[in-house]
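**Q** Required output: the full structure, derived from the provided sequences and hints.
There are 2 protein chains.
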Amino acid sequence: MNIAIVGIGLIGGSIGIRLKETNFCDKIIGVEKNEANQKKALQLGLVDEIQTLEEAIQSAKIIVLTVPVDVIMQLLPKILDQVTDQVIIDMGSTKTNILQAIAEHPKRGRYVAAHPMAGTEYSGPEAAIPDLFKDKVMVYVEAFKSDEDAFELADALTEQLEMKTTFMNTEEHDEHTAYVSHISHLTSFALALTVLEKEKSQGRIFELAGSGFQSTVRLAKSSPDMWVPIFKQNRTNVLEVLEEHIKQLQNLYDKLEEEDYSGLHKLIKKSNKIKRIIK
Amino acid sequence: MNIAIVGIGLIGGSIGIRLKETNFCDKIIGVEKNEANQKKALQLGLVDEIQTLEEAIQSAKIIVLTVPVDVIMQLLPKILDQVTDQVIIDMGSTKTNILQAIAEHPKRGRYVAAHPMAGTEYSGPEAAIPDLFKDKVMVYVEAFKSDEDAFELADALTEQLEMKTTFMNTEEHDEHTAYVSHISHLTSFALALTVLEKEKSQGRIFELAGSGFQSTVRLAKSSPDMWVPIFKQNRTNVLEVLEEHIKQLQNLYDKLEEEDYSGLHKLIKKSNKIKRIIK
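Top to bottom, those sequences are chains W and F.
Residue numbering for the first sequence follows my numbering, starting at 1 and increasing by one per position.
Residue numbering for the second sequence follows my numbering, starting at 280 and increasing by one per position.
Fair warning: there could be bad hints in the mix.
[Unchecked claim] Listed next, with one range per pair, are the computed distances between beta-carbon atoms:
#: 1; chain 1: F; residue 1: 537; chain 2: W; residue 2: 145; range: 31 to 39 angstroms
#: 2; chain 1: W; residue 1: 199; chain 2: F; residue 2: 479; range: 52 to 60 angstroms
#: 3; chain 1: F; residue 1: 387; chain 2: W; residue 2: 270; range: 21 to 29 angstroms
#: 4; chain 1: W; residue 1: 100; chain 2: F; residue 2: 479; range: 26 to 34 angstroms
Treat the hints as calculated values from the structure; they're not laboratory data.
Cβ atoms here follow ideal geometry from the backbone N, Cα and C, with glycine treated the same way.
**A** In structure tokens, the structure reads:
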């Protein structure tokens with residue numbers, strides 16, 4: 001069995017590098033527009049060969065889409081037009097628009113909507129690492145709309161990645177990812193902009209940056225080519241959480257501005273409940 | 280030579296545990312109001328014995344203040360009243376108010392204002408770790424106002440902690456820490472509040488929380504007893520950076536709201552410049 005990976009960056013490359021460690025498939029076919037990335041993917045051994053998308057659809061049993069979500073939106077209906085018994089699985093961070101775009105497609109059943117809750121702030125083939133997915137969660141969205149054999153094959157791939165799995169409907173998925181992934185990127189982008197701006201007048205400002213700062217700002221290294229399409233596809237949810245987050249910051253601001261230190265203490269104490277959730 | 284550590288939590292305890300690995304001093308004396316923490320500090324071997332502050336001032340050559348900044352404000356003038364040739368060094372995250380409080384004290388020279396750019400989101404004696412300070416930066420503030428021998432002894436202690444050093448004036452220090460430390464905590468507190476609020480209506484929301492979320496929210500585990508006094512002491516600078524950060528978030532919001540995706544792309548690309556700064 002051959003597997004085609006469409007888009008060989010952090011996610012696609014990490015799937016390739018991991019599958020090469022297992023005996024899950026005979027050949028890993030890379031589909032990649034960028035020539036420099038084609039070369040890197042071959043050199044780094046992330047894929048066995050490069051094919052065009054049309055060739056790969058014919059030669060692979062599983063087609064994994066790891067391109068930005070706007071490109072998934074474009075490609076998915078076209079790929080479904082060309083498949084017979086192949087399985088298509090995507091790794092996009094948003095789902096509602098993608099699922100709407102192919103809801104009535106006669107080959108809908110060959111598609112499995114998935115989202116691995118894994119990643120780093122780096123992008124491109126050189127960012128690929130074999131253990132990226134290990135023990136992380138793969139979310140299946142509207143899995144009941146996939147053909148049973150298609151889902152089973154997609155899930156077998158997930159198993160090779162050593163992931164845990166969970167199931168969600170699409171509204172739930174897009175809302176939840178806005179709250180626990182998309183907003184984290186926005187706060188990091190904003191924090192980086194805030195401090196970079198200040199650096200212009202205070203040259204030494206980063207001298208004092210410690211691990212706390214690094215931790216809250218590291219996602220600001222993430223690629224706009226990946227993230228703008230996510231924010232676009234999940235616009236309503238992202239606007240909602242961003243509005244709420246700004247309100248919470250404004251509330252902290254007001255407490256400090258009014259010198260209401262017991263109110264500020266209460267809010268911070270309340271936020272400490274996050275201890276329940278994260279180690 | 281004996282060293283007294285006043286306040287045995289994350290910072291004080293980590294200094295104790297590290298100094299025990301070296302031959303820098305004969306005895307480490309802990310000063311700690313909380314009885315449970317006294318016991319833990321002894322059990323964990325962070326200090327050799329517990330004394331009252333008055334006893335410790337008499338028996339130690341160096342007195343290290345690792346209590347919250349509002350307590351440093353209270354204690355420092357009283358301790359200066361009692362010293363002869365001892366050296367006092369504090370580890371507080373804000374400096375302007377503290378330095379003002381003792382500016383005219385006849386024993387001003389015995390005090391060295393310092394701030395280790397090191398920490399974790401945990402607090403209390405059990406959070407102490409020997410390598411907390413290794414390769415991190417110790418900032419000396421207005422070091423030229425300390426007696427030369429006092430500074431030399433404080434710096435010898437810093438060397439035992441295997442830290443790098445830098446020098447700043449107090450306005451610069453407080454402004455810089457607002458931008459690269461205090462704001463990171465506020466964004467984390469606000470993010471935790473945002474998502475915890477949402478959890479009430481969407482129970483499964485944390486299921487999808489991955490490493491990106493953890494990274495941006497982990498500082499929300501930090502103690503309000505430590506942080507409220509910092510925000511209070513550094514109120515003007517913290518309000519400034521918080522206002523600027525809210526503006527940046529609002530700008531991202533507006534771009535998305537107006538569907539100005541090329542504007543959003545530009546902002547994110549600009550924030551990526553943080554790559555220059557952090558690894």
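**Q** Return the numbers of the hints above that this structure violates; sort them in rising order.
**A** Of the numbered hints given earlier, those the structure breaks are 2 and 3, listed in rising order.
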